[in-house]
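K.L.:
Spelled out from the first residue to the last, the chains are:
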Amino acid sequence: MDWLYVLMPISGVTIFWPGLIILGIGVGIIGGFFGMGGAWMVTPGLNILGFPMAFAIGTDIAHMAGKSLISTMRHGKFGNVDYKLGFIMVIGTIVGFEAGAQMIMWLERIGQVNMVVRWLYIILLILIAWMVFADVAKRRKKEREAAAAGEELDKLATGLEWHKTFHKIKIPPMVHLNVAGVYCSAWLPIGVSFITGWLAGILGIGGGLIRMPSLIYIVGCPTHVAVGTDLFEVMISGLYGAATYTYKGRVELVAAIIMLCGAAVGAQVGAVATKYIKGYGIRIAFGCAVIGCMLSVLLKLIPMYIPEIKPVCDVLATVVVLGVVSALSIYITVKMFQGAANEVRQKKAAMGR
Amino acid sequence: MRKLWAKILGLGSLVALFLPGIALAAGGGGAAPMVIVSDTRKLGGLLAMWANLYNESHLYFTIVTIIIIPLIGVIFGLLADLVMKHIGIDLEHRDLAEH
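So the sequences go chain by chain: C and X.
For the first sequence, the numbering used here assigns the number 1 to the initial residue and increments by one for each residue that follows.
For the second sequence, the numbering used here assigns the number 354 to the initial residue and increments by one for each residue that follows.
Bound conformation, chain X alone:
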């Protein structure tokens, strides 16, 4: 068993070691540029507020994003639950079968 783990770790290390070499051999290129300040001149209402938040602090912007996404997910999920129960689809049971 130790031999198997040694082989797996060895192979993983080899891939990690050689991949950058192969990439370097390919040559050229660079990372995409980042938007540091959002242009708010053409925006109004919520969109302008959102862009201003981004310009003021990337950290606050990130925190708000991470709260909003799951919140919307939960709201949509609960709404769909109501609709499916109303239709009559059983959401509690399913037969486990591979066939």
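Just chain C, same shape as in the assembly:
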């Protein structure tokens, strides 16, 4: 069975390559659907397959750049990418990411940062999960109120409307973001991208998990446009991250290419599924992914206080990550195939008439 293993040229470790393809498919589906790189799933996955942690992060970022490009191409065709917004945000994302990365390297030199970073991550994830589910609950309340009044709620109505407050900031230059349907100060997306980029740099993640909800709740993008535009950002920050990590000798390109073979298929499934699942369906599933991510980080954090239970927590963290990835991937794939089959059936019926 030696043919199932490949020796990685830089790190010198031998890896089970079908595992890389399966991981690529799963993370491709979820990334293409939610508009995120999925570092929280890939990094532990690569670590489980045998990669040292430093290579797991670098290789993940390199494969993320290619995968996001595939998803962005697909979302671009659906009109889900606001390129103007994306380019405005690139400035803040890169400056913020670099500031965060420099800060974390400095922190690495002066002390143990794992605990601080993980707690910061957990606080952020709690905030994001709360935002998503509060938004869903508020929209349902609006639906019930509208139904009680005998009216139908506007299809584009949302629960939380914080973006309306942020749109009151009128610091020039003002920009029209036509695809997103937003008119705001250019400093709003620049500020959002800087802060999300900085957090991403500190946490060592691509940033999609933070940027996607920020685009919805702060900038005011519709869910599909937030997903597409975020993937565009992930692609650019991924390429930048891949360049810096490769230069530092922490990318195993062979593994990244093998993963891309799976991610290419997964990313298409995830991106096309957004065509058949409505905006709030995406938000609810995203909330579940955030909770899964939070649980896995929490399980990594507990052994820092109770070292005896580390083996149990490690196994549980793996089960949680794999369970969430599998459940969400299956849900998205089923929805995609159901939607596509329906569309093809309708087309055939229309041609028959």
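Incorrect hints may have been included.
Beyond 10 Å from chain X on every Cβ pair, some chain C residues (computed) [unchecked claim]:
#1 H63
#2 L69
#3 E98
#4 H167
#5 C261
#6 C288
#7 V312
Computed footprint of chain C on chain X, listed as stretches where at least three residues anywhere in the stretch have a Cβ under 8 Å from a Cβ of chain C [to be verified]:
#8 397-406
#9 412-421
#10 424-433
No lab work stands behind these hints, which were simulated from the structure alone.
Positions of the beta carbon are idealized from the N, C-alpha and C atoms, including for glycine.
With chain C held as given, fit chain X onto it using these hints.
P.N.:
Frame of chain C, contents of chain X only:
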């Protein structure tokens, strides 16, 4: 509005100022080691070529990586386009709806 910006900037600066302090309080640790020279003895063909490129110049290695990744992405994306069009999935239209 100025007050709001002042508060946001103030909070950001506070986080940036205090985070290193909290980390220092946690104590210990260090950065992961970097592979300076790749071991090419067990490698052959493309893998050996790739490892040699890494050993010769990290800069060239980085440039080639940054070209290869998007190139593969575009190729896979175009291939998938062909397959999906063949199946009959409409890749040009989608209703924008939040419900």
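K.L.:
For every hint, state whether the structure bears it out.
P.N.:
Outcome of the hint check:
Look at H63 (chain C): its CB is around 8 Å from the nearest CB on chain X, not clear of 10 Å, so calling it non-interface is violated. Residue placement check: L69 (chain C) does not keep its beta carbon more than 10 Å from all beta carbons of chain X (closest about 4 Å). Look at E98 (chain C): its CB is around 14 Å from the nearest CB on chain X, clear of 10 Å, so calling it non-interface holds up. Distance check for H167 (chain C) against chain X: the nearest CB is about 12 Å away, which clears 10 Å, and the non-interface claim stands.
For C261 (chain C), the requirement that its beta carbon stay farther than 10 Å from each beta carbon of chain X is not met, with the minimum near 8 Å. For C288 (chain C), the condition that its CB be more than 10 Å from all CB atoms of chain X holds, with the nearest at approximately 18 Å. No Cβ of chain X comes within 10 Å of the Cβ of V312 (chain C); the nearest lies about 23 Å off, and the non-interface call holds. Only residues whose beta carbon comes within less than 8 Å of a beta carbon in chain C count, and the stretch 397-406 of chain X has 4; three or more means the coverage holds.
Interface restraint, the stretch 412-421 of chain X with chain C: holds (6 residues with C-beta to C-beta distance below 8 Å; minimum three). Check result for the stretch 424-433 of chain X against chain C: holds, 7 residues qualifying (beta carbon to beta carbon below 8 Å, three or more required).
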